[in-house]
Amino acid sequence: MKYIDEYRSPELVNCLLSLIKQTSTKEINLMEVCGGHTMAIHKFGIVDMLPKNIHLLSGPGCPVCVTDKKYIDQCIAYSRMQNTIITTYGDLIRVPGSSSSLEKEGAKGADIRMVYSTTDALEIAKANPQKKVIFLGIGFETTAPGSAVCIQQAFQENISNFYLFSAHKIMPPALKLLADGEIRIDGFICPGHVSTITGSKIYETLADENSISCVVCGFEPLDILQSIYMLVKQIEKNETRVEIQYTRAVQPEGNILAQKILMDVFEVRDDWWRGFGIIPSSGLKIRDKYKQIDAETEFDVDVEETILDIGCICGEILKGLKSPNECLLFGEACNPSNPAGACMVSNEGSCHAFYKYGKNI
Amino acid sequence: MIYSEDDRVLLGHGSGGILTSDLISQLFLHYFKNDILEELSDSAFLQMKSKKISFTTDSFVVDPLFFPGGDIGKLAVCGTINDLAVSGAKPMFLSCGFIIEEGFSLSQLEKIVRSMAEEAEKAQVKIVTGDTKVVAKGQCDKLFINTSGIGKLPAKYIGLSKAEYICKGDKIIINGSLGDHSISVLSARNSLKIQANLVSDCAILNELIYQVLDNSRGVKFMRDATRGGLATVLYELAENKKYGIAIDENSIPVKDTVRGVCELLGFDPLYLANEGKVVMIVAEESANEILKIMKRHPLGKESCIIGEVSETNPGLVWLNTQIGGKRMVDKLSGEQLPRIC
Ligand code: SF4
Chain F
0 MKYIDEYRSP
10 ELVNCLLSLI
20 KQTSTKEINL
30 MEVCGGHTMA
40 IHKFGIVDML
50 PKNIHLLSGP
60 GCPVCVTDKK
70 YIDQCIAYSR
80 MQNTIITTYG
90 DLIRVPGSSS
100 SLEKEGAKGA
110 DIRMVYSTTD
120 ALEIAKANPQ
130 KKVIFLGIGF
140 ETTAPGSAVC
150 IQQAFQENIS
160 NFYLFSAHKI
170 MPPALKLLAD
180 GEIRIDGFIC
190 PGHVSTITGS
200 KIYETLADEN
210 SISCVVCGFE
220 PLDILQSIYM
230 LVKQIEKNET
240 RVEIQYTRAV
250 QPEGNILAQK
260 ILMDVFEVRD
270 DWWRGFGIIP
280 SSGLKIRDKY
290 KQIDAETEFD
300 VDVEETILDI
310 GCICGEILKG
320 LKSPNECLLF
330 GEACNPSNPA
340 GACMVSNEGS
350 CHAFYKYGKN
360 I
Chain Z
0 MIYSEDDRVL
10 LGHGSGGILT
20 SDLISQLFLH
30 YFKNDILEEL
40 SDSAFLQMKS
50 KKISFTTDSF
60 VVDPLFFPGG
70 DIGKLAVCGT
80 INDLAVSGAK
90 PMFLSCGFII
100 EEGFSLSQLE
110 KIVRSMAEEA
120 EKAQVKIVTG
130 DTKVVAKGQC
140 DKLFINTSGI
150 GKLPAKYIGL
160 SKAEYICKGD
170 KIIINGSLGD
180 HSISVLSARN
190 SLKIQANLVS
200 DCAILNELIY
210 QVLDNSRGVK
220 FMRDATRGGL
230 ATVLYELAEN
240 KKYGIAIDEN
250 SIPVKDTVRG
260 VCELLGFDPL
270 YLANEGKVVM
280 IVAEESANEI
290 LKIMKRHPLG
300 KESCIIGEVS
310 ETNPGLVWLN
320 TQIGGKRMVD
330 KLSGEQLPRI
340 C
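Sequence order for the protein chains is F and Z. Note that the first sequence covers residues 0 to 360 in numbering that gives the first Met the number 0. Note that the second sequence covers residues 0 to 340 in numbering that gives the first Met the number 0.
Keep in mind the hints are simulated off the structure, nothing from the lab. One or more hints might be untrue.
Using 20 Å as the maximum straight-line C-alpha spacing, the simulated EDC-like pairs for lysine to aspartate or glutamate come out as follows [what the hints assert, rightly or not]:
| # | chain 1 | residue 1 | chain 2 | residue 2 |
| --- | --- | --- | --- | --- |
| 1 | Z | K192 | F | D72 |
| 2 | Z | K254 | F | E5 |
| 3 | F | K175 | F | E203 |
| 4 | F | K42 | Z | D329 |
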């Protein structure tokens, strides 16, 4: 298949693998920040193809996984309001809140609809003028512009029954926290899709101040292996630079138009990340100018007290400190059919990937 | 056509009264006609010489009712016939139950009934008993169908569904590409706005299966790869057994259109439902001969060997990936695509 098979050529994969093996002498930790990378690495069986001195750690780049439980509880409270339709990307539906989930609320009668884009959510609002339609905005710089455009459109077209509940986050503060943290990271496999919007400049502090090599990486097997090779070369030469492997999509300065739209609609605020706690200036809040679309300001709901996860070590996994099989709940008490934590729900979550593909074969 | 565009199903059509008998005589008897059904007794009287019979049932809730390559009626007949055929049985009789939403178009119902009759005729199977219920608007989504089927099972094929004789070295064969049905149905759903140039593989497999069974030895197991797809068939087979199963990504046929949609929406073709695909586990020495027989049949032209049974990793199924890696193929958790059949 065109534009896919080119990036999955077994010959080129072998070629890159031998280059990596020839070049890499040090014991190194590389963190793939993005959940899409985690999934691809497991799906293609890349982990076992790499030399044993290269350790891959999964980072905090799965939007569902870092979405705080309190947010889920609030979504559940919204879903219980009269005349309300909740629209959301699929994965969020199954994430357990403190005592329920959107899936369970749906079974009890709440109107929860899975959509593939913000445009779909807006269409639902137009088709149901007598109902309040709330879109659950989660994700990083990748999905936030979609939400921003949707908010602008609802505002311009005066669609008065559409609301957005933002848990959008931005990546740099979390990466900085990880870079300053307890685990040694030699290189970041930087998120390709986030970088199409932000550009590669956002990683420069990590390279300059924290001496971590950074390569912005695409999502196909050859992208990932080439990025690992680029990182290995930098690390072996003690260089710490930001490079772009994913040149077919990413520019150093990013997508300026999308950045402008983002800044028009959102402002930065401190935000909760599951497993990390509050990270300063890491979340996106809808600006006052659009406040009639902001579900948080428009609806006052009673949200149940958030019960902290017992036993779930998602937080440590997201920080690269532990691996899913170190969690006592992994497998029996927590699996994709019956997830105890967010990392098991999302396709891009480390626990999910590990459960699905991770047994030694 | 018996009905016009405007004719609708009324609650009275399910009442057991005049409207019901009209529907039976005008529609069902007209299309399904056969000596047993025509008796119109409470139960059908069947005569079978065979000592062993296979019996199966399945319900169909596909959305939308009509999709490229088929409709719910064709699906309901093919699905049950295939379930019988893969157990080695020769399908003989079907029952069908309709649950219809008030207001449903009678002309659409007629189209569906007609395609059921066509498929049954192709398979030389009689639809011998049935039932119709009508529920008030909003209490079901347009139309659901249940079919049950009976087939005679030759003694020599009794072990087939038990998969007892599978051993190391056996080959895994499939009769064509994965996921055509799922993606066709998906593309027929307006909500997704996907245009895929694709038709469902929905088809009756009994003829293909019987050609293989009658003309070769060495088939150890068969299953139609419907809901849950190829992965689920293999996983259930390997689970708790003494062997593992390896499949090769490079030899598994998947059409580019299906791959494209999977890449876009994050589906895995291994788990997509098919409605005209049979997975066979066959003895190594018979594999090429069976492949030849299959390729002679129109539904088996694209048959190929996609993997083998192995003594390593007992209980597991794994995929040798396109790039030369390995990954596990696990049981499907949750629903990939609801209401696909
Ligand atoms: S296995 Fe489940 S409970 Fe354990 S860390 Fe992962 S998601 Fe949390």
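The hints, checked one at a time:
1. Our distance criterion of 20 Å between C-alpha atoms is broken by K192 of chain Z and D72 of chain F, whose separation comes to about 32 Å.
2. A threshold of 20 Å between alpha carbons decides the hint, and for K254 of chain Z with E5 of chain F the separation of about 17 Å falls inside it, so the pair holds.
3. Between the alpha carbons of K175 of chain F and E203 of chain F the distance comes to roughly 11 Å, so the proposed pair stays at or under 20 Å and holds.
4. For the given pair, K42 of chain F sits about 12 Å from D329 of chain Z by alpha-carbon distance, which is consistent with the 20 Å threshold.
Checked against the numbered hints given earlier, the structure breaks only hint 1 and satisfies all the rest.
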